[in-house]
Structures are given as structure tokens and as C-alpha cells.
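Chemist: Can you build the whole structure from these sequences, using the hints too?
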Amino acid sequence: MAMEEIRVVNRNLGKPDSHTLASFQASGGYVQARRALNEMEPTGIIALMEESELKGRGGAFFPTGLKWKFVRADPNLPRYVVANGDESEPGTYCNRAILEEDPHNFIEGMIIAAYAVGAHTGYIYIRGEYGLAIERVQAALDECFAAGILGEDALGSGYGVNLILRRGAGAYICGEETALFNSLEGKRGNPRFKPPFPTNSGVWSKPTAINNIETFCNIAPILENGAQWFKDLGIGDENAGTKVYCLSGTIQRTGLFELPLGVTARELIYDFGGGPPEGRELKGFKPGGASAGVLTADELDARMDASIGQYDTILGTGGCIVMDETVSMVDAALRDALFFEEESCGFCIPCREGTPNLVQILEKMLEGEGEPADLELLEEIGESMASSFCGLGQFAYRPVVGALRKFRSEFEDLVNVEAPLAG
Numbered sequence: 027m028a029m030e031e032i033r034v035v036n037r038n039l040g041k042p043d044s045h046t047l048a049s050f051q052a053s054g055g056y057v058q059a060r061r062a063l064n065e066m067e068p069t070g071i072i073a074l075m076e077e078s079e080l081k082g083r084g085g086a087f088f089p090t091g092l093k094w095k096f097v098r099a100d101p102n103l104p105r106y107v108v109a110n111g112d113e114s115e116p117g118t119y120c121n122r123a124i125l126e127e128d129p130h131n132f133i134e135g136m137i138i139a140a141y142a143v144g145a146h147t148g149y150i151y152i153r154g155e156y157g158l159a160i161e162r163v164q165a166a167l168d169e170c171f172a173a174g175i176l177g178e179d180a181l182g183s184g185y186g187v188n189l190i191l192r193r194g195a196g197a198y199i200c201g202e203e204t205a206l207f208n209s210l211e212g213k214r215g216n217p218r219f220k221p222p223f224p225t226n227s228g229v230w231s232k233p234t235a236i237n238n239i240e241t242f243c244n245i246a247p248i249l250e251n252g253a254q255w256f257k258d259l260g261i262g263d264e265n266a267g268t269k270v271y272c273l274s275g276t277i278q279r280t281g282l283f284e285l286p287l288g289v290t291a292r293e294l295i296y297d298f299g300g301g302p303p304e305g306r307e308l309k310g311f312k313p314g315g316a317s318a319g320v321l322t323a324d325e326l327d328a329r330m331d332a333s334i335g336q337y338d339t340i341l342g343t344g345g346c347i348v349m350d351e352t353v354s355m356v357d358a359a360l361r362d363a364l365f366f367e368e369e370s371c372g373f374c375i376p377c378r379e380g381t382p383n384l385v386q387i388l389e390k391m392l393e394g395e396g397e398p399a400d401l402e403l404l405e406e407i408g409e410s411m412a413s414s415f416c417g418l419g420q421f422a423y424r425p426v427v428g429a430l431r432k433f434r435s436e437f438e439d440l441v442n443v444e445a446p447l448a449g
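Per my numbering, the very first residue in the sequence shown carries number 27; after that it's consecutive.
Worth double-checking, as some hints may not be accurate.
Claimed, not checked - The calculated DSS-like cross-link candidates involving lysine-lysine, where the alpha carbons are at most 27 Å apart (straight line), are:
id: 1; residue 1: LYS220; residue 2: LYS232
id: 2; residue 1: LYS95; residue 2: LYS257
id: 3; residue 1: LYS95; residue 2: LYS220
To be verified - Distance windows between CB atoms, simulated:
id: 4; residue 1: PHE87; residue 2: ILE375; range: 25 to 33 Å
id: 5; residue 1: ALA86; residue 2: GLU31; range: 23 to 31 Å
id: 6; residue 1: SER231; residue 2: THR352; range: 45 to 53 Å
These are computed hints drawn from the structure, not numbers from a lab.
Bear in mind that the values here come from a model prediction, so they are computed numbers and not experimental data.
Don't be surprised by glycine CBs; every beta carbon is placed ideally from N, CA and C.
Modeler: In C-alpha cells form, the structure reads like this:
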């Protein structure tokens, strides 16, 4: 029996005027937030999140309930909630549809989260280039304040919740949570040392629950349907709930697909994406956007969950990029390297120096001036970049080194590596 989409996060997409308060409330919106703030104890909500085994959908897969428990337990007031909508990596657009078409969905999750952790103020940080998303999220917030959903007496509960929208300035690094905090505070978007972790010292050096947009969209459905219902949606003991995956590249059907967390790449790419264009064969795919290491057609049975790390790649936010036989893996590696060179904040040496060096070597190879020693040098630069200060640098080399390891012959063809003599 063919797998079908399960719409939990994307349940309202496609409905008329889905971005408006009237449409959201007609679909049961804010019922669970009202119940949470008026009938439930904060610790009970956190316990439910722990029982549901919801994990962050931003790529780290940290247990949401545990994160909220840490924030609530910290006595250093005030506490904050933050929604990370700085979706800026090539190949990822999982959050954009929610931000543009169903903003009340994640706002409801934020209200519940604020009450659960004991926060009265929250920030929504959205990528600066997402103009329509910013417009509609602000309109949704205005509707909520006018309707008494937000404010000093949120949903008639006597508990105050104020959510504030902040527009990013186009820096990819600000998707890293501590760089995002610096940006919110009006500082340069450089990452911070960890520890202390955001649960103890986040925005304004206060306890902060920062979650991905998709993560917040799961909160109200869990309150409505229960922890066991959510756990049963996933595939395998380690996977609870659904995941929104997005497909792009040389594939017949691009778009968003909400599926059980833990589907295989084969199911996603072929059953839902239709595979590469007719007459072409799949060469490779990147399961988690530009920063993910590329996998081969022989690895299509890898599960699209945290376990995909065993293949020396990452799931990230679920942006799967498909490449057929017409794609040069060296060209693809260069495109990714150029992006990370442009977006490096320059804070640490391994990333600041490593990214342009990767670009220079790949450009030299594609111009016909490559040398056999360049292949070893790419590996050495990657080893150095693994010690970068933050995740951007620690993952920026993977598209290049991953392609080199999985498709070495394409690189060797560009550096005139001669085959060994027979016998």
C-alpha cells in the first residue's frame, strides 16, 4: 500500500485565506492555546511534550520537552521564547509556506510554549528576504493583539504574552541560534561560546526556549490528540510525529511533502517526487540542504531522520536536493562552496580561510589547472574546518569533501590522475 501524506504541520495549507485569523479559528485555531492557558498547569504541558518525544525540527533533534524544562527551572528572570525563522540555506524552504500561508499555526505554539516555560515575551526572527512572510506574520500578530489572543490578558487567562517580530538582515550565520540572539540584541551576528547554552543564557543572557517554526506547529496538535497519537505517527522507536520535507533539483515533482518521520530517501524521492526526469538516472542526493554531504543512488534506503548521520551527512531541516546523471559533482560542490564563502562571518580562522581556499582549488580544477595534490589538500582543509567555532564552518566543507569521497573519479578526471599500470 502506497504511503500517503499526513498533514499535521501543513494541515491548513491550501484553505481559502489560510493566513487570516478568521480562517485559522474556523479550523479550530487557538482552542488548544486557550485550554492550555486557562485549564492546564505549565509543568503538565512540559510533561506532555516530554511524553510525546517531540524533537526539534531544526536539525539538532533535541527533545523539546527537555529544553522547556531546563528553561522553566532556571530562576534567572525574565525568560523568553524565540522562533527561528531564518531559513536561508539553499535547498530548504520547509518553513516558508507556514510563514506565508498559516502564520497563526506557529504563533499558537509559541503562546503555549511561553506559558509553559514562564515567559511573557517572545521574538519571531524571520529571514530578511522573506518579504511576504514578514508582512503576513506581522498582520497575524496585529490580529491577535486586537482579538485579545496576545497581550496582558492573553485569551482571558490573566497571563500576559507579547510576541515581537524581527526581520533579519540577510546573513545566513544568523540561523545559528547564538548568532541570532546577537542580531536580536542589535549586535553583529557572530556566534557565541557554548556553554552557557540558550536554556540558561540566550537572548539578553536570559533563559530562552528557541525552537524552529515547524517545531512550534506541532504543539497544539499534541495537546489536542495526546502524546501516544503523536508517537504513533513516526516510523521506528526513535521517531515521533511527521516531518515536512522539501524536494528540489533534477526531479519531476518539487515541493513540500509532510510524511512520517523516518521515511526512506527512496520513498521520498520516487514515491512522492517521481524520481529524476524521464530517461535519466539518479546520481546523488543531499538530504539536508547545501550543507549536507551528498549520498549516492546506492544509499537511497537511508532513513530521513537523525540516523542518517551514519552516512556522513545530515538531515538538517529536511531540504532534499536531487541530482541526476547530467549534474557534475565538482560543479555542484563549487556552487555550495561559493555560498559558504560568501556567508562566512569571518569570526574564526578555519572557516574564514578554509571556505575561500576550497573555492580557489575547485575553480582551478574546473579551469584545467588542477594537480593530483589538490585532492589531498581538499581533505586537509576539510579536517581543519571541522574545528570551526560554529556549525556553519563545521559543515561548510562537507559538500566538497563528501562529493570528493563519493564521486572521486569526477575529481580525478580534472587533475589528470593516471591509472596505475597493469601488472
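Chemist: Each hint: holds or not?
Modeler: Status of the hints after comparison with the structure:
1. LYS220 x LYS232: holds (14 Å)
2. LYS95 x LYS257: holds (20 Å)
3. LYS95 x LYS220: holds (19 Å)
4. PHE87 x ILE375: 25 to 33 Å: Taking Cβ atoms as reference, PHE87 and ILE375 lie about 29 Å apart, which means the hint holds.
5. ALA86 x GLU31: 23 to 31 Å: Holds - the Cβ-Cβ distance for ALA86 and GLU31, about 25 Å, lies within 23 to 31 Å.
6. SER231 x THR352: 45 to 53 Å: holds (51 Å)
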